[in-house]
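A.B. asks: Chains as they are written, first to last, in numbering that gives the first Met the number 0: chain F, 0 to 146; chain V, 0 to 337; chain U, 0 to 127.
By construction, these hints were calculated from the structure, which means they are not laboratory data.
Keep in mind that the hints are not guaranteed to be accurate.
As the list claims (entries may be wrong) - For lysine-lysine, the following DSSO-like pairs were computed, each having C-alpha atoms within a straight-line distance of at most 27 Å: (1) K257(V) <-> K2(F); (2) K1(F) <-> K179(V); (3) K121(U) <-> K48(V); (4) K33(U) <-> K119(F); (5) K6(F) <-> K198(V); (6) K31(U) <-> K198(V); (7) K108(F) <-> K272(V); (8) K16(F) <-> K33(U); (9) K270(V) <-> K33(U); (10) K272(V) <-> K24(F); (11) K121(U) <-> K6(F); (12) K50(F) <-> K100(U); (13) K1(F) <-> K198(V); (14) K1(F) <-> K258(V); (15) K2(F) <-> K198(V); (16) K16(F) <-> K48(V); (17) K16(F) <-> K31(U); (18) K270(V) <-> K123(U); (19) K100(U) <-> K80(F); (20) K119(F) <-> K272(V); (21) K191(V) <-> K6(F); (22) K270(V) <-> K83(F); (23) K16(F) <-> K68(V).
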Amino acid sequence: MKKIETKQEYLDYVDQKSPNSPILKNCFNAFWVGGLICSIGQIIFDFCKYKGFDDTSCSTIVSIILIGLAALLTALNIFNKIGKFAGAGSLVPITGFANSIVSPAIEYKSEGYVMGVGGKMFTVAGPVLVYGISTSIIVGIIATFFV
Amino acid sequence: MNKIGNQTIMFSNPPYILETSSIVGPKEAEGPLAKYFDQCLEDEFWGEKTWEKAESKIIKENSNAVISKSGIPATDIDYCFAGDLLNQCISSSFGLREINIPFFGIFGACSTFVEGMSLGSVFIDSGAAKKVLCATSSHFCSAEKQFRFPLELGNQRPPSAQWTVTGSGAAILSNDNIGKECPRITYITPGKIIDMGVKDANNMGAAMAPAALDTLVTHFRDTGRKPSFYDAIITGDLGYIGKEILIEMAETKGYNIKKNYNDCGVLIFDKEKQDTHAGGSGCGCVGSVFSGYLYKMLNEHKLNRILLIATGALMNSTSSQQGESIPGIAHAIAIENL
Amino acid sequence: MEFIQSIDWMQLLRCFVVGGIICIIGQILIDKTKLTSARILVIFVTTGVILGALGIYKYIIDFAGCGATVPLLGFGANLAKGAITEVQTSGLLGAFIGGVKASAGGIAAAIFFGYIASLIAKPKIKKQ
Chain F
0 MKKIETKQEY LDYVDQKSPN SPILKNCFNA FWVGGLICSI GQIIFDFCKY
50 KGFDDTSCST IVSIILIGLA ALLTALNIFN KIGKFAGAGS LVPITGFANS
100 IVSPAIEYKS EGYVMGVGGK MFTVAGPVLV YGISTSIIVG IIATFFV
Chain V
0 MNKIGNQTIM FSNPPYILET SSIVGPKEAE GPLAKYFDQC LEDEFWGEKT
50 WEKAESKIIK ENSNAVISKS GIPATDIDYC FAGDLLNQCI SSSFGLREIN
100 IPFFGIFGAC STFVEGMSLG SVFIDSGAAK KVLCATSSHF CSAEKQFRFP
150 LELGNQRPPS AQWTVTGSGA AILSNDNIGK ECPRITYITP GKIIDMGVKD
200 ANNMGAAMAP AALDTLVTHF RDTGRKPSFY DAIITGDLGY IGKEILIEMA
250 ETKGYNIKKN YNDCGVLIFD KEKQDTHAGG SGCGCVGSVF SGYLYKMLNE
300 HKLNRILLIA TGALMNSTSS QQGESIPGIA HAIAIENL
Chain U
0 MEFIQSIDWM QLLRCFVVGG IICIIGQILI DKTKLTSARI LVIFVTTGVI
50 LGALGIYKYI IDFAGCGATV PLLGFGANLA KGAITEVQTS GLLGAFIGGV
100 KASAGGIAAA IFFGYIASLI AKPKIKKQ
């Protein structure tokens, strides 16, 4: 091995020394868990439709049920195990959004119900709402020019 | 006591390490060093309501344990040096608020234990103190909460991430051995802050390895010793990645440490069975491994000369959010059966 | 049961595959870029809003159903769709109302269930 003189040489060396994530295995797990969560959503959707709800209501019911399930699994300390196994498979569906709201709420309970649970609830998911809602408002403003 | 070379202190009357004590959490108790620890906890809360309270209790009970093991009354201890990872070192100050010993709160990240022993040794050899208590702690859950994410968040840990040890180490240093045979601190080499630009908070070993290298090389240059002089050279929490980096980089500097070098973060967990990725970390890692395992090895003369280099990553969650790189530090102490 | 007979299995397969592929994209982002999960969620929701606004995402929804609506891209697309629809009925005011209105169920559920969960659950360590 040759001598390392500069920071850049060291960073390159560290990159080469650090193990990579097992990306194929991770992608495979993400694929089938993510697909499964979406399929559960689809079955709930079809059932609601079968019961006579319109498309928009069906979608909302799917979101609420999946979020409720994710919250329950988070509270039971099961979701983090699924997340460790599935990575993006449970993060990218709406379940990941729910988990990122529920997990700080539980963790910061020790700091009280107002500033702990209430205040810290959005530490991870807050940015999702900020960027999602803000972008949608911009989209809406642009849309007014086309109406 | 005098300074030799660039940054090493040689003690004229090397302080004794009179007694040590260690407490670890349940995961550490499943690891390969379980039988060496004084106390293993069954759950991370230890009957407390919060992770922070649990960590304070760990350092408190461990400090009381080392005092009672040593057989000397608490009133005979002149000063105590303690620190941990939580903001403003609250585990130590809350845990030791009832101990009634003059207190120095210190922060050296995961190198705190050896920093405390270094300062304590100087106090003793200078005559400023006769007995000094050094203690440190870390807790996986309180550290995750402060530095990373809530425990319930379903995220994946990258393979280079290290696992913060739940545990505490405590030692009593003394100017006389009260008739016991115990190892002594002969040299200390306090380290410089070294930053090689690593920004990835999930690769602490790589961030700290250059500091460990600097202290290691400086120690050998200052003392004129060679790596083979020591039965074991032990770093604090470089983990698997940092360990390999240190071995290779030491070789380019002309020091072959392959044979007698290991790392507390590597020793404390079984990588395959415990899924701890790159190994253990945290103040409690070097603290509990030294107080539990290495001190017993020294007492049984299975090891007679060790160089303990505790490493620390001097960052916080704000600095890493602001994209700052992670400065590393490493303090070395030579411990010998004379 | 009549409902089970009514399930469109091809539709379910398309849902599974598309949902899975969207998750693979997320996984590649996690492993290759070292982005934190918060950033990945932001990227997905913002991309979803843009794809929804451009009218591209509705084709994916038509093809894959919940495979497209359940991932956060769908959440984003729904925000955009809501804003645009509301603008058509109530003008500029709709830009501010539409997005949140369309996704109110999900957001409110997450907050409410999060609060309930914090009442009943105690933080626990990951065993592994």
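A.B. asks: Each hint: holds or not?
C.D. replies: Now the hints, each set against the structure:
The straight-line distance between the Cα atoms of K257(V) and K2(F) is roughly 18 Å, inside the 27 Å bound, and the hint therefore holds. Our distance criterion of 27 Å between C-alpha atoms is broken by K1(F) and K179(V), whose separation comes to about 48 Å. Taking the CA atoms of K121(U) and K48(V), the gap is about 10 Å. The hint holds against a cut of 27 Å. Under the criterion of a C-alpha separation no larger than 27 Å, the hint pairing K33(U) with K119(F) is consistent with the structure, at around 24 Å.
Restraint check for K6(F) and K198(V): satisfied, since their Cα atoms lie roughly 12 Å apart, inside the 27 Å limit. Annotation: proposed proximity of K31(U) to K198(V) holds, straight-line Cα distance about 16 Å (limit 27 Å). Taking the CA atoms of K108(F) and K272(V), the gap is near 32 Å; set against the 27 Å cutoff, the hint is violated. Restraint check for K16(F) and K33(U): satisfied, since their Cα atoms lie roughly 16 Å apart, inside the 27 Å limit.
With a C-alpha separation of about 22 Å, the suggested pairing of K270(V) with K33(U) holds against the 27 Å cut-off. Under the criterion of a C-alpha separation no larger than 27 Å, the hint pairing K272(V) with K24(F) is consistent with the structure, at around 19 Å. This hinted pair does not check out: K121(U) and K6(F) have alpha carbons roughly 44 Å apart, beyond 27 Å. Pair hint K50(F) plus K100(U) holds up; C-alpha atoms about 24 Å apart against a cutoff of 27 Å.
In summary, the hint linking K1(F) to K198(V) is supported, as the alpha carbons are separated by about 23 Å, within the 27 Å threshold. Distance check on the hinted pair: K1(F) and K258(V) sit about 21 Å apart at the alpha-carbon level, within 27 Å; holds. For the hint linking K2(F) to K198(V), the alpha-carbon distance of about 21 Å falls within 27 Å, and the restraint holds. A C-alpha spacing of about 41 Å is found between K16(F) and K48(V), which places the hinted pair above 27 Å, so the restraint is violated.
At roughly 16 Å between alpha-carbon atoms, K16(F) and K31(U) fall within 27 Å of each other, so this suggested pair holds. Taking the CA atoms of K270(V) and K123(U), the gap is about 22 Å. The hint holds against a cut of 27 Å. Between the alpha carbons of K100(U) and K80(F) the distance comes to roughly 33 Å, so the proposed pair goes past 27 Å and is violated. Taken as a hint, the K119(F) and K272(V) pair is broken in the structure, with Cα atoms around 34 Å apart against an allowance of 27 Å.
Taking the CA atoms of K191(V) and K6(F), the gap is near 17 Å; set against the 27 Å cutoff, the hint holds. For a cut-off of 27 Å, the pair hint linking K270(V) to K83(F) stands: about 17 Å separates their Cα positions. As the CA atoms of K16(F) and K68(V) are separated by approximately 43 Å, the hinted pair breaks the 27 Å bound.
Going down the numbered hints, you'll see the structure goes against 2, 7, 11, 16, 19, 20, 23, while the others check out.
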